[in-house]
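Engineer: Protein chains in written order, with our numbering: chain A, 1 to 172; chain B, 1 to 67.
Hints may be right or wrong, so weigh each one.
Taking CB as the label site, the calculated pair distances span [what the hints assert, rightly or not]:
(1) Val-12(B) x Ser-24(A): 19 to 29 Å
(2) Trp-63(B) x Gln-21(A): 23 to 33 Å
(3) Gln-23(A) x Leu-58(B): 15 to 25 Å
(4) Thr-17(B) x Ser-43(A): 22 to 32 Å
(5) Gly-15(B) x Leu-42(A): 29 to 39 Å
To give an idea of the interface, some chain B residues facing chain A are shown, with a C-beta separation under 10 Å as derived from the structure [said to hold, decoys possible]:
(6) Val-12
(7) Leu-16
(8) Ala-45
Now the stretches of chain B that chain A is said to cover, found in silico as 3 or more residues with beta-carbon under 8 Å [to be verified]:
(9) 22 to 31
(10) 34 to 42
It should be emphasised that the hints constitute simulated quantities derived from the structure, not laboratory data. Keep in mind the model is a prediction, meaning the values are calculated, not measured. Just so you know, even glycine gets a beta-carbon here, dropped at the ideal spot from N, CA and C.
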Amino acid sequence: MMKNMAKPGSGPSKSVWDERQQQSYHTINSRAFNLAWTLLLLSFLVQVVLFPGEPGRWLVEMGLFMVLSIYMGAAYFRAGLWTMRSQQPSLRQSLLASVVAALLITAFSLIRMAVSGQWEGLQQADNAWSIISYLLLQAIIVFAAALILLSLISHYHRKKQREADAALDTDE
Amino acid sequence: MHPVSRTKVARVQLGLTQQELADQIGVTRQTIGLIEQGKFNPSLALCIQIAKGLGKTLDELFWEEET
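Bound conformation, chain A alone:
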């Protein structure tokens, strides 16, 4: 009887691993990917800070990071995954995430300016005002862009969930 049964882990992929080994393999791959993604981000940020006027040094890292991030975002969206703490998006979450994005970008800009010596002329009122204006404008643009993007994604996420729910109701 057992001979006729499909063995766990066997199938079209012809994998010789059982399910525990496959699970371990996926866990290791996932951790390695997260590590690579984080290191890529750090590498990109450090190079932007150190070589701000030389995009050739960090454009490739930035491109790779964007490709990975877009792939992850699209894959999460297609799988119907939102955040680990909530199943559905909310305006509060989007606002909070947008504020965090704006603060992070501002903090990064402050570090970048400090390293490149742009703060040296800060004693002069004109310079101080232009730097503050730049940071404020940048924060507002990032906040608005993040909020619009998150609102759009939230809208389509809710729509997709409703369609999935409707399909399940039809099956019942």
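Fit chain B to the known structure of chain A by using the hints.
Structural biologist: Using the frame of chain A, we list chain B on its own:
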């Protein structure tokens, strides 16, 4: 009795080694060992294979009675 222990007891009662049970259901010996120790949660498909391999029902091997 804890389900992991029940799996081990059922296997020992049949006089099977971990390797023999593993070969019978198509997994590695380590996987059987980890299931018996409760360190790996098998899928339903694998639970069924183990239950069939040991001549038991899923309830007998894996159902936890509430105390």
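Engineer: Are the hints correct? Go through all of them and say.
Structural biologist: Results of checking the hints against the structure:
1. Val-12(B) x Ser-24(A): 19 to 29 Å: holds (27 Å)
2. Trp-63(B) x Gln-21(A): 23 to 33 Å: Holds, at about 27 Å.
3. Gln-23(A) x Leu-58(B): 15 to 25 Å: Cβ of Gln-23(A) to Cβ of Leu-58(B): about 20 Å, so the range 15 to 25 Å holds.
4. Thr-17(B) x Ser-43(A): 22 to 32 Å: Taking Cβ atoms as reference, Thr-17(B) and Ser-43(A) lie about 50 Å apart, which means the hint is violated.
5. Gly-15(B) x Leu-42(A): 29 to 39 Å: For Gly-15(B) and Leu-42(A) the Cβ distance comes to about 56 Å; the hint is violated.
6. Val-12: violated (20 Å)
7. Leu-16: Violated - the Cβ of Leu-16(B) stays beyond 10 Å from chain A, reaching only about 13 Å at its closest.
8. Ala-45: Where the cut-off is 10 Å and the nearest Cβ of chain A is about 5 Å from Ala-45(B), the hint holds.
9. 22 to 31: Check passed, 7 qualifying residues.
10. 34 to 42: n = 3 at 8 Å, threshold three: holds.
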